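Visitor: Chain by chain, the residues run as shown.
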Amino acid sequence: DIQMTQSPSSLSASVGDRVTITCRASQSIRNYLNWYQQKPGKAPEALIYTASSLKSGVPSRFSGSGSGTDFTLTISSLQPEDFATYYCQQTYSTPITFGPGTKVDFK
Amino acid sequence: QVHLVESGGGVVQPGGSLRLSCAASGFSFGSYGIHWVRQAPGKGLDWVSFIQYDGTNKYYADSVKGRFTISRDSSKNTLYLQMNSVRPEDTAVYYCAKDQNDILTGYNYMDVWGKGTTVTVSS
Numbered sequence: 011d012i013q014m015t016q017s018p019s020s021l022s023a024s025v026g027d028r029v030t031i032t033c034r035a036s037q038s039i040r041n042y043l044n045w046y047q048q049k050p051g052k053a054p055e056a057l058i059y060t061a062s063s064l065k066s067g068v069p070s071r072f073s074g075s076g077s078g079t080d081f082t083l084t085i086s087s088l089q090p091e092d093f094a095t096y097y098c099q100q101t102y103s104t105p106i107t108f109g110p111g112t113k114v115d116f117k
Numbered sequence: 139q140v141h142l143v144e145s146g147g148g149v150v151q152p153g154g155s156l157r158l159s160c161a162a163s164g165f166s167f168g169s170y171g172i173h174w175v176r177q178a179p180g181k182g183l184d185w186v187s188f189i190q191y192d193g194t195n196k197y198y199a200d201s202v203k204g205r206f207t208i209s210r211d212s213s214k215n216t217l218y219l220q221m222n223s224v225r226p227e228d229t230a231v232y233y234c235a236k237d238q239n240d241i242l243t244g245y246n247y248m249d250v251w252g253k254g255t256t257v258t259v260s261s
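Chains A and B are the protein sequences, given in the same order.
Under the working numbering, the first residue of the first sequence carries the number 11, and numbering increases by one thereafter.
Under the working numbering, the first residue of the second sequence carries the number 139, and numbering increases by one thereafter.
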């Protein structure tokens, strides 16, 4: 199975900050990497697919990059509605696996 | 408007069975693969199963293989998860999620999610 790790596990930030979350796969997954946002008590929502493609309707302050084993989600200017938990996910092979999540909260 | 609505959750004893349903609307149900994903209380996301657009191929996490069965009924636009021999560690919110693709190719992601249904395994 492909193991996904994320760093940091949590971070505190302020509105307007640039936030970067890293995701690493235990083996190359090419660009088969997706990012999801989840707010408390809600279902996850997709943000980025195939490493760098922005899902329609998602604000352009979200961006993704990377390939192989190392990936990054960047929020260019954190907004109040962005405080949430972020998960990466690989779809290179089954079982599909998620990272453990990164919680972004108020500084 | 694309919608997925899960139902069938509840409290079940260890070793018991439960069938979850996911009613789909607003898209061509028979053209897309669909996943089940679960989330234990306070924990992260855990992929459970995927069924491709025509029901031909099904995939499972090792933790549920042999106990859970995914199926779909295109005449009813509904996805199912039959859960047998449940264990306390199956306690979670279960989400169904539409894939943007019809089969697993790597170019997959979960573009629409339901709100989830809660399963509690307890005696």
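Derived by calculation from the structure, the hints in this document are not laboratory data.
Wrong hints could be hidden among the right ones.
[Claimed, not checked] What follows is a set of in silico ranges between Cβ atoms, one per label pair, in the way DEER data are often shown: (1) P50/A with V149/B: 20 to 28 angstroms; (2) Q37/A with A178/B: 23 to 31 angstroms; (3) K117/A with N215/B: 30 to 38 angstroms; (4) P50/A with Q139/B: 18 to 26 angstroms; (5) Q13/A with P179/B: 38 to 46 angstroms; (6) N222/B with P50/A: 42 to 50 angstroms; (7) S20/A with N215/B: 35 to 43 angstroms; (8) S201/B with S19/A: 48 to 56 angstroms; (9) V149/B with L21/A: 16 to 24 angstroms.
[Said to hold, decoys possible] A short list of chain B residues far from chain A (calculated; beta carbon distances all over 12 angstroms): (10) G154; (11) N215; (12) G252.
[To be verified] Lysine-lysine pairs mimicking DSSO-like chemistry, simulated, CA-CA at most 30 angstroms apart: (13) K253/B with K49/A; (14) K181/B with K196/B; (15) K65/A with K214/B; (16) K117/A with K214/B; (17) K253/B with K196/B; (18) K203/B with K253/B; (19) K181/B with K113/A; (20) K65/A with K181/B; (21) K181/B with K203/B; (22) K52/A with K214/B; (23) K196/B with K65/A; (24) K214/B with K203/B; (25) K196/B with K214/B; (26) K253/B with K52/A.
Here the structure is a predicted model, which is why all the values come from computation and not from measurement.
For every residue, glycine included, the Cβ atom is placed at its ideal position computed from N, Cα and C.
Visitor: Compare the structure with each hint and give your call.
Guide: Quick rundown of the hints versus the structure:
Checking the proposed 20 to 28 angstroms range against P50/A and V149/B shows it holds: the Cβ atoms sit about 23 angstroms from each other. Taken as a hint, the range 23 to 31 angstroms holds for the pair Q37/A and A178/B, whose Cβ atoms sit roughly 26 angstroms apart. The hinted window of 30 to 38 angstroms between K117/A and N215/B is violated, with their beta carbons roughly 45 angstroms apart. At about 24 angstroms, the CB distance of P50/A to Q139/B agrees with the hint of 18 to 26 angstroms.
Between Q13/A and P179/B the beta carbon distance is about 23 angstroms. The supplied range of 38 to 46 angstroms is therefore violated. A C-beta distance of roughly 31 angstroms is found between N222/B and P50/A, which places it outside the suggested range of 42 to 50 angstroms. As the Cβ distance of S20/A to N215/B is approximately 39 angstroms, the hint placing it in 35 to 43 angstroms holds. Remark: the range hint 48 to 56 angstroms for S201/B to S19/A is contradicted by a beta-carbon distance near 23 angstroms.
Taking 16 to 24 angstroms as the suggested C-beta distance range, the pair V149/B and L21/A does not conform, at roughly 37 angstroms. The Cβ of G154/B lies farther than 12 angstroms from every Cβ of chain A, with a closest approach of about 25 angstroms, so its non-interface assignment holds. With 12 angstroms as the threshold on Cβ separation, the claim that N215/B sits away from chain A holds: the shortest Cβ distance comes to roughly 19 angstroms. Not every CB of chain A lies more than 12 angstroms from the CB of G252/B, the least distance being 7 angstroms, so the non-interface label is violated.
For a cut-off of 30 angstroms, the pair hint linking K253/B to K49/A stands: about 12 angstroms separates their Cα positions. Proposed proximity of K181/B and K196/B is supported: the alpha carbons are some 25 angstroms apart, at most 30 angstroms. Of the supplied pair hints, the one linking K65/A and K214/B holds, its CA atoms being roughly 28 angstroms apart against a limit of 30 angstroms. With a C-alpha separation of about 48 angstroms, the suggested pairing of K117/A with K214/B is violated against the 30 angstroms cut-off.
About 23 angstroms separates the Cα atoms of K253/B and K196/B, which keeps this hinted pair within 30 angstroms; it holds. As the CA atoms of K203/B and K253/B are separated by approximately 24 angstroms, the hinted pair is consistent with the 30 angstroms bound. Taking the CA atoms of K181/B and K113/A, the gap is near 12 angstroms; set against the 30 angstroms cutoff, the hint holds. Taking the CA atoms of K65/A and K181/B, the gap is near 25 angstroms; set against the 30 angstroms cutoff, the hint holds.
Under the criterion of a C-alpha separation no larger than 30 angstroms, the hint pairing K181/B with K203/B is consistent with the structure, at around 21 angstroms. Taken as a hint, the K52/A and K214/B pair is honoured in the structure, with Cα atoms around 26 angstroms apart against an allowance of 30 angstroms. A hinted pair counts as satisfied when its Cα atoms are at most 30 angstroms apart, and K196/B with K65/A qualifies at roughly 26 angstroms. For a cut-off of 30 angstroms, the pair hint linking K214/B to K203/B stands: about 25 angstroms separates their Cα positions.
For the hint linking K196/B to K214/B, the alpha-carbon distance of about 19 angstroms falls within 30 angstroms, and the restraint holds. With a C-alpha separation of about 7 angstroms, the suggested pair K253/B and K52/A falls inside the 30 angstroms cut-off, and the hint holds.
Hints 3, 5, 6, 8, 9, 12 and 16, counting from the list given before, are not met by this structure.
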